[in-house]
Structures are given as C-alpha cells and as structure tokens.
Amino acid sequence: MSCALLLLLMSLALAMGTGAAVEIQRPRGVPLSKRQFYEENKPFTCLDGSSTIPFDRVNDDYCDCRDGSDEPGTAACPNGSFHCTNAGFRPAFIPSSRINDGICDCCDTTDEYNSGATCQNTCREMGRKERESLQIMAEITKEGFLLKQQLIHEAKRGQEDKQGKLTELQGSKKGLEEKVEALRTVKETAEDPEKEAKERHLKAWEEQKELLRMEKDKTRMAEAFLELDDDADGYVSVAELQSHLELDPDSDGSLSETETQVSQGQSEPPAPVETPQEESRDFVSDHDSDHYPEDYAGEEEEDVEDDEEDDHDEEEEEEKVTPEKREDDEVSMPPYDTETQSLIDGTYSHLQSLICDPECISICRNLEKEIGFDFGPSAEFAYLYSQCYELSTSEYIYRLCPFNRVSQKPKFGGSETNLGLWGQWAGPEGNLYSVMKYDHGQGCWQGPNRSTTVKLTCGKETVVTSTSEPSRCEYLMEFTTPAVCQEPASLDEVLHGHTEL
Amino acid sequence: MTRVKINELKPLKPRFEVPDVLINDPPTEPLSLLSRDENGVVLSLGADSQRLIVSAKPFRLDIMEGREVLLSLNSRGLLAFEHLRILYLDWLLSLLGPSSISLDFSLPGVENVYGIPEHADSLKLKATDGGDPYRLFNLDVFQYEVFNPMALYGAIPVMLSHSAQRTMGIFWLNAAETWVDISSNTAGKTVFGQMLDYVQGSSETPQTDVRWISESGIIDVFIMLGPTPTDVFSQYASLTGTQAFPPLSALAYHQCRWNYNDQEDVAAVDQGFDDHDIPYDFIWLDIEHTDGKRYFTWDPHKFPQPKDMLQGLLDKRRKMVTIVDPHIKVDSSYKIHNEIRSKGFYVKSKDGGDYEGWCWPGNSGYPDFTNPEMRAWWASMFAYDQYEGSMENMYTWNDMNEPSVFNGPEVTMHKDALHGNWENRDLHNLYGLYVQRATAEGLIERSGGVERPFVLARAFFAGSQRYGAVWTGDNAAEWEHLKISIPMCLSLSLVGVSFCGADVGGFFKSPSTELLVRWYQTGAYQPFFRAHAHLDTPRREPWLFGPENTALIREAVRQRYALLPYWYQLFYHAHHSGQPVMRPLWVEYPQDTATFSMDDQFLLGRDLLVHPVTEEGARGVTAYLPGKGEVWFDVHTFQKHNGAQNLYIPVTISSIPVFQRGGSIIPRKARVRRSSSCMEHDPYTLFVALSPKRFAQGELYIDDGHTFNFDKQKQFIHRRFSFANNALSSRNLAPGSQFTTFSWVEKIVILGASKPSKATLKTHDGKESQLEFEFDASMSVLTLRKPGVNAGLDWTVVLQ
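Protein sequence lines correspond, in order, to chains B and X. Per numbering that gives the first Met the number 0, residue 0 is the first one in the first sequence, and the count goes up by one each step. Per numbering that gives the first Met the number 0, residue 0 is the first one in the second sequence, and the count goes up by one each step.
Derived by calculation from the structure, the hints in this document are not laboratory data. Just to be clear, a hint being listed does not mean it is correct.
[Unchecked claim] List time: in silico DSSO-like cross-link candidates among lysine-lysine, alpha-carbon distance up to 30 Å: (1) B:LYS128 to B:LYS408; (2) X:LYS766 to X:LYS754; (3) B:LYS41 to X:LYS746; (4) X:LYS301 to B:LYS454; (5) B:LYS208 to B:LYS172; (6) X:LYS9 to B:LYS128; (7) B:LYS408 to X:LYS301; (8) X:LYS508 to B:LYS408; (9) B:LYS459 to B:LYS436; (10) X:LYS301 to X:LYS315; (11) B:LYS436 to X:LYS508; (12) X:LYS12 to X:LYS349; (13) X:LYS627 to B:LYS128; (14) X:LYS123 to X:LYS482; (15) X:LYS414 to B:LYS454; (16) B:LYS128 to B:LYS172; (17) B:LYS33 to X:LYS746; (18) B:LYS410 to X:LYS301; (19) X:LYS766 to B:LYS410; (20) B:LYS368 to B:LYS459; (21) X:LYS125 to X:LYS508; (22) X:LYS746 to X:LYS639; (23) B:LYS368 to B:LYS172; (24) X:LYS754 to X:LYS692; (25) X:LYS757 to B:LYS41; (26) B:LYS173 to B:LYS368; (27) X:LYS347 to X:LYS9; (28) X:LYS301 to B:LYS436; (29) X:LYS301 to B:LYS128; (30) B:LYS408 to B:LYS368; (31) X:LYS306 to X:LYS349.
[Said to hold, decoys possible] Partial selection, computed: residues in chain B whose CB lies under 7 Å from chain X: (32) ASP100; (33) PRO376; (34) SER393.
Just so you know, even glycine gets a beta-carbon here, dropped at the ideal spot from N, CA and C.
Could you put together the complete structure from these sequences and hints?
This is the structure:
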C-alpha cells in the first residue's frame, strides 16, 4: 500500500525499429501524456481540481479524488482508468477495476502485478499479428478501391445508357398514348349527339375506367414479368416460363416449349390476373411506389396503393378494376353504330396492343425501377442490381439479391422463406452505405415479420461471408464488396497512427 | 410443536405417507395427563402452560395457552377421511374408491394468514369464500395470471398465521393435489363496519378458519406454535431443513436467454458485458444448446467445443449454467434414454409399460426420480467423464420438473402413472423436489463432495430449499408481473425457500425500456437475480437500449455486487438457522399492524428496507418506515428519516429507494469488478448507521465462497461489529473456526455521527494509530480513512 512508482523501460527500438532506448519514471498506470501532473514529492492535485493530497497518497490503494485520478495504478477508485504501455503493440486504457483481478488484460502484463495471476507478455506477438492483418487489409482496401473506381465508371455509363433508352421508350409510348387520346375524341364525335347528351356522364366514366384498366393491366403485366423473370435478368426465358405451372394451358403439370411460345406470342399479356393478388399488391405497395416515379401510373393507382384503410372511395376504385365488375359494366355500355364501333375497336385494340407490348413495358418498368434506386454516392453499388449471392450453411442456403430480397431455403427439401424485401440503406450517420436493411419478410409465429440486416465490408470479392439469427426472425448477414472500400491511407499511417510517442 | 397424524388402521392397501421431506424423525416427548373425563383428556404440552384438549364426541383438538385457545382442529367438523373401499371387483381388477382427506383449523384472534406458495397473489392470503380455494398442484402454466389462486409450478403446504400477539404455522405434509379454503369473519367488513362493531361493543373476536383438502394420502399435520416469527422459522427448519448455502457467485447477476445461439454468441455477450463495464457471473444456455433436446449433449454445429467456451469463461472467472430437464427423448440412439429404459427407471403407465408423453424433444420418457437407485444413477451422469463437455464452472438448471407433459391432463403427468407402487396422484407435488435433489447430489459428487452445488428448479415442494434456488416461472413483461414478484418471493421466504427470484424483464413479451430498467432495479434487491427472455422476443442485453439505460442498468447491477458481502451473510444465516433472507416487514415488526398486509416493500435481513419502484411513469413512492423511535438512513444520500412514518420519496428513473436501519452495520465491497470471483480479496467498506442512542451492530461472514469447508472443516470467519460508547470494534463470533482472508477494511462510514476530535485505531497486537477522517456536517456523516486492518482480526476504533 505504499506509493508504487514504476520504473518503465520503454524500448522503442524493439517496438518500432527506430529510436533509442529511453527511461521514463512515472507512477503506475499513468500515460506519458499525463506524466507532468504527477510530480514526485510535490502535493498532487486531483485532475478535476477537487482536492490536493500529499504525493504519497498517489497509488496508495485508497481513493481520495472524486475523479479517480489519484489511483491510476490501483483498483481503489470506481471510476479510475489504468494505462498500459503495451510496448510492441498498442497502448490502452482499462477500467481500474481490472487491475489485479486475476485476469490478464494488458498484453504487457502490467495490470496484474499483485494478484498471483501468471500472465505472458504477448504484445510483440499481437503487434506482429496486427501489423500482418493491417497489411493484408491495406492491400485488400487498395485493390478494392481500384475495383470500386471501375465500378463507379461502369455504373455511370450504364446509368446514362439506361436513361437514354428509357426516354426513348417513354417518348414512343407517349406517342401511342396521344393516339389513344385522339381516338377517344373520334369515338366521341362518332357518337349520336342525342345519345351522347343523354349518356355523356356514363361514357366519361367508362373511358376513365378503361384507361384505368389499361394502367392496371400494365402494372400487373410488369409484375407478372418480374414474377416470371426468375433470374432477374430483364428477360423471360422459356425455362423461366416452364417453372411457372400456373401458365400451363393443358394442365398436364408441365409447360411444353410450344405452350411457352404460345403464351409469349400472344398480343395480350399472359394472364396477369393469375398472379396471386396478395403478393403482387404487396410488392407494389410496399416498395415500388416509394422508390421510383411512375409517370404513367395515375393518381388513382397511387391512392389505392397508399393506404387501404384510408377511405372507401379508394376501395370502390379498387373494386372497379376487378374482372367480374368490368364485364358487367361492359354489358351495360350503350352500343355504337356498327361501323364506328368496328373502326374504333380495330384501331383501339391495335394501339392498345402496342402500348401493352410486354417486352416494351417490362423494359420500361425495369429501367425506371433501376434508375430510381439509390446505388450509393457514385452509384458504386449499381453492379449488385439484379445479381444474387448465396451462402451455404449446414442447414440452409441463404440467398441475397441486393436491392431485391433475402431468402433462406432448407438444404434438404422444404420451401423457401422470405427473410425480407429491400428496405433502405441503414448505416450510421456518416456511413449510411455500410448497412442494408431488408424487411417485411415472411411473418414469424407469435413474432414480427422476418427482417435482415446486411453489413457491408470492404473486400475484393463480392461474397456473403456469414449469416446468423441473433434474435428470433432478425437475421444478420455479412457481405463483402469492393464498393465500400475507402481510399486507403498509406500503410505507414495505419501502422503508426496508434502508437503513443 | 404438535403433530397430528391420522391414518387407517387396516387399509385395503397402504396409504401414501410422504417420505424424504422431513430431515429426521422429529423427537417426541411424553405428554403429561392433566385431567380426563368420559369425553376427553387434557394434556400438558410442556412449555408456557400450554395444554392440548382432546375431545372424542365430536372429535376435536384445542390447543390452549393460559385461558386462550390458540388453535382448534375440526371445530367445524370438516374432518373427512375417505377410507379405501372396493368399488368394483371382477376376476382381474379391483378398483379402490376415492381416498381424499380433509381437516379444518380455526384460528381465533387471527386476521392474517400467509404462505402456501406458489400463487401469483398478494402476500396476505385472501378469504376464498365464494371463489376457488388456493390450489396446490405443480403445473406448467402457460402465461399465468396474477392475483389468482390457481396452481402454479410449485407447492409448499405450509401456512403461517399472524397477529400482534402470536405467529404460528400449519404444515400439512401431503404431496397429492391439495386445496386450501380460507374464511375470515372480518374479511369483507369495511372499516366503517368494524368501527360500528367496536362502538356498539358487538365486535366478535376476529377469527380465521382454514380447511385443507387433499386427494389422497394421510392426514399428517404439524402445528408450529411460535410464538414469534423467528420461532416458527426455526421450528419449520427443524422439520424440513434450511436453505442450501449457495456458492457466493450464485448470488451475483445471471444473464440468461432462450437461447444464446452458439459459442460465438456466448463469447459476444460475454465481451459485451466487459465492453459496457457491467459485471456478471453466470451465462445460461436454454434447451437449444442440446443436440435435438437430448439433455447432457451439445448441438454439434452450434456448440462444437463446449470446453473451449467454458475455459473462455473460466479465464474471466465466470461461469455457465446449462439446462437439464427431466423429460428424456425416446430415441434408441440416445445413451441416456437407453440406460434408463434398460434399467427400468422410467415412470410406468397404468398398464405397466414406460409412460410416455410429449415435451420439447417430442415423445419423451420421464425418469422415476422417486426411486433412490434412479436418483443415484442420474447423479452419476453429472460426472465430468459422463457429461461430456462439462467443467467445474458449469452448473445446472432443472426446468419443466412439475413434470410438464404437453399432451397430458393440465399439461402434466396422468394421475394414474406409476412410480413403483404409488400413483402419481399420491406424490405428484414431490416429483420436482426429487429432480432437483438428484441433480444437486450429482453436482456434489462430481467434485468428490468438495464443491457446493447450484441448481435452479421451477417445481418445488416443502424441503426443496435444501437443494438450491427456485424462480417464479414463465412470467410476462408487464408491470403487474414486476409487482407480483415481491409477494411471490416473500411467500416462499416465509416457508423456507429464501433463494427465490423472478425473470428480470419478464419472460413472455417484450418489456418497455422503463419496465426493463425498473425490473433490474428491483431484481438487484431480490435473492435470485437473473434476466431471462423468451425465444420469440427481441434481444435485450443491458446495452441494447442506449447509453443512458445501459448506465442505469449498470448502476443497479453494481449496487448488487457492492452488497454481496451482506447477501452472503444473510444466506449463511438462512442456511445456519432457517431465518429468511427476504422478509415481510411484519416479521421484524410483529406488533405493527400497519405492516401486516404490506407487499410492495420488504426487508433484506433486518437491516435493509427496499421499496422498489414498480409503477410505470412513477414520480414518487410512499415507503413505510417501521419502528417507533427508530431511524432509517437513505443508503444513497445518507439522509436520516424517523421510523413509524409513511415517507413520500420523489423518484427519477435512477432511483432505487433503499434504507439502512439505524443501529446496524453493513459491510460492502465498493470495488465492483467484472465478476464476484474477481472481488474475492478486495477490501470492505463498513456502513455504520447509528441508532438514536448512538449504538449499532452488524456482522461479517467470509469463507472461500464455493466449498463445503466452512461446514466440514470450520473454515470461515464470522465477526461481530459493535458500535457503542463511541467505539467501534470487531470481535470473533466463531472462535472454533479458522480462515484467513486478504481482505481488509478500507473505509468506515458512520451515519448519524458527530464530529470527533480524533479517531484512534487499536489493532490486535496492541498498536495504536490515528486515523484521518472527514466529517460532513450537513448529513452528519463521518468517514474514517483507511484503517487498513485485516478483516479477519480484532480491532477497535475509538472516537474522542
């Protein structure tokens, strides 16, 4: 319990390979930076100024200062901290409650000077290991950062291409839509003025409804396309269609190539109503509308998507577009004279088929969606779009499709579980793009919907490195990508930045 | 004490008499005959002019002291004894009829009865007229309700009665399903009604009548006559034994969750405590750690290297508990199952095959723990070479030991399942005790009888206190459940089980941050301090709620650690003499009627009064400080308050209202470290709270913290601190014992002191030295700086 002055032999030569051996005297547990406050044989003033005590009460195993500064080398103060020099490794502060507690905390063993614990000095070994891993990390960062530059460059080009194509497609679509509009006028003028006067109100409503139906069809078709497009490559392949048995017209349980061609060749969209209503609506309402503009999706649709509970107007509008209701309405629609009607019908359906061309719409749709995503400050994450990455564990195959979804499939049979759909970037302030959040996955029994947090770290490869479920139905995935690699500091800086001088 | 035992003289088959609960055959003494007539006898009970009057027709017993009747048996004539009869007979099968028993007790002058846990109800038992009686039948209850007499996981058929004059106890030694009906002639009367009675002089003597009913077995009842609460505790302890003395670390903080997923998760949580500088001693693994719910095994993917994990904890001087439940997966590739089956150790169904039921592993067998050979075999399974991956810092948790059978009646075993010759109906409530006992014996044996075991169980019976700790089962993250944890543990304390706790945070559902913090603050002052959570709830390790809440929880846990010397001493007393650790106020203030139904605050030992904040959004609490002429000191501010008053205390989220009794001395260890083991050699700070007469007394108990050497080799230190005549001294309370400690006295804080001119320390070798001191005149607190004397030696400090 007497004042413990420690003679510290700090051999910088050993640690850093430069400099000469120095000898510095200071009380145990005091960092060099605070040495001047602890002057031997002079009264010591607590670092918070709260009181002044004789110097022999520094490190005398009794707490005199409220801030714990008189006992840097003992466990006497509840709020004290102990400085280990850790020559060869990184210096550190530990809570003073860890001094002489029988557990080796400082790699230089200085925290256990009176506990009977036998500690090995592991600083040089740890220093070596840290330098090695820092070196490896630095190399990875360096290469990763180069890759990132490339990614940024590619993303920029890709983005421009896509924007161009979209503008073009939208232009032609707009043309078609104008023709439809013109046709509507023709339709109106072609009609019996008396009748028109009588039924103007009904017709206006009908037309509006027709447009609405078209829009709905387009949306559904696009969704159906996405649904069919299993590998998310923007094209629907025969194989993909074959995997969807609901399109099997002869119900023989498989889709022949002929059948798939028939479906593809139809000018009408492939039976979008067969898409499970629930799923497609979820998809639309939860995600699409938030993230990319839909200039051709009218206000009505927005409303329907927005909030089902909101009010019944929207519910009614929703009802209007159900197929059954539509047929009823068409029956009650007043007949035109045959000539006009056939002319209108012919042109109308032709234009409609152009607007509704599945390929055109799906491309448009995908382009818009893609352009609308936040792919990072320099779009460096764009390359992840429509890709999927897998990790196999003992029980499951985990699948991460960035900006789309995360799923889990048992290795030995069983259906796939949705662990979350793309939500948003969720990193901490200043590092937003380090964490992705996927939510609204499949519900858990008596629990929340599944969700996944994806932590991104710098790596040369783009890989899922681990998955876990830290809390029930909340998954954690670690993912490396060059896109998060920061501009590397020089290796010297990394290695020397931590060393006290 | 009086034992009344009623059995059939010549039953068709023997009736079940509860074995293994009494620690020995209670000594008998001859009664002397005082007088007799044709209808009865008057016998002397020996002490205090107590007499037993036995009347034959109608049968009744009255126990009298002087001219007062203390207790009457069968005064209401509710004695029932369904003797065995052949109901149905054919060439193979004979059915014996019902065999229930019943008896009533009248307690004149008594308005308050307590005990008969386990129920999620108030401390003071309610009259059950017009409702269900209190039920004692060990059941795995899913999401139990509070303020309800329904049966829960454990059953202790012991009731205490209390009035300002006397405390008594009734111990109904029967392990079958039991119901207790309580009626009172004052319950339900308004205060106005009682006043009216008084004014009109028509007030009858208050009286409580109790009726016990059991499904089978015999009437075997012990009447403990007190007269003080302390006497009743000693009397009951002489029958069923005292609280097992736990390892010191088991009194520290336990971190549990269903489930810590894998070794990495365990390492990360362990590191989390260090990163946030929160102490903990035990991390727990629930059922998911096993290989397919096969107890005594490890999941090969999640826990491939259990010894590495345990060594990692040992390196930090921490420990682990793994769960071992008493249902065994029926699986011919599972060693434990095969051995139990081949030895015939399973409970049998009524037709003689192994009884099987559904539980966590799916189809399961239930070992017959009532069989001593089975228990010996079970115990041997805890040997280090049998339980692979186990180490000396790994302890055990027996859950589901009611037993829980998912597809059984009321989620438990069929009553006609057979334990040897006895049906489950005869001994149902005893099964859980045997499970915990066999496990505790296993932990003792694996260390060669050296180490004290630690086993937590959910189901229990009278005598379970000898085998470890219990908790209040699957509660919920609701304020009502936080509140009910106090009466639930107090009720258990009164009937021998001191080592009780509730899942901190609540098991089902997810607590609000405020509730979680308040629960930590409450749990820190309850005996068994463990956080636990259901599999489906979000994670809730203490650092997941922002730095402010982390700091609040850290502070609560640290207060627990600082007070461990006092907790340990209280448990030593519970073990030594059967006095409860957590006490209702009336136990220490038996004449203060204001305390009789109080269960929102409690005492730890005699000297600490705790009034946890259990209301959402509380701005203040009203604590009752008992004791006319006494004083209490707020342990945080040292503010002095007078006794016998309701004190309003404004509270913030950091407040845990705790008071130290003037007249007491409490040792603490102010240097809180990352586990209790790390604090072993640390010095003590003595908090001396002076009574108005400037007197105080306290104790200190020290031993190695984990072995039986305190008992077998008398290796412990037990000291008495006394402050009188301005001198504080430490003297030996156990001259026959031997132990040395590195711990010393670093500080003495005297509350309610006046300023001395000097403080002189005299050590055991006669040397004298002056101590420096500080005096805070505003609070009258005198702090003596660094006496530095060894805690095991004699010393005196004289103030002048």
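*asked:* Check the structure against each numbered hint from earlier and tell me which ones fail, lowest number first.
replied: 1, 6, 13, 15, 16, 19, 31, 33
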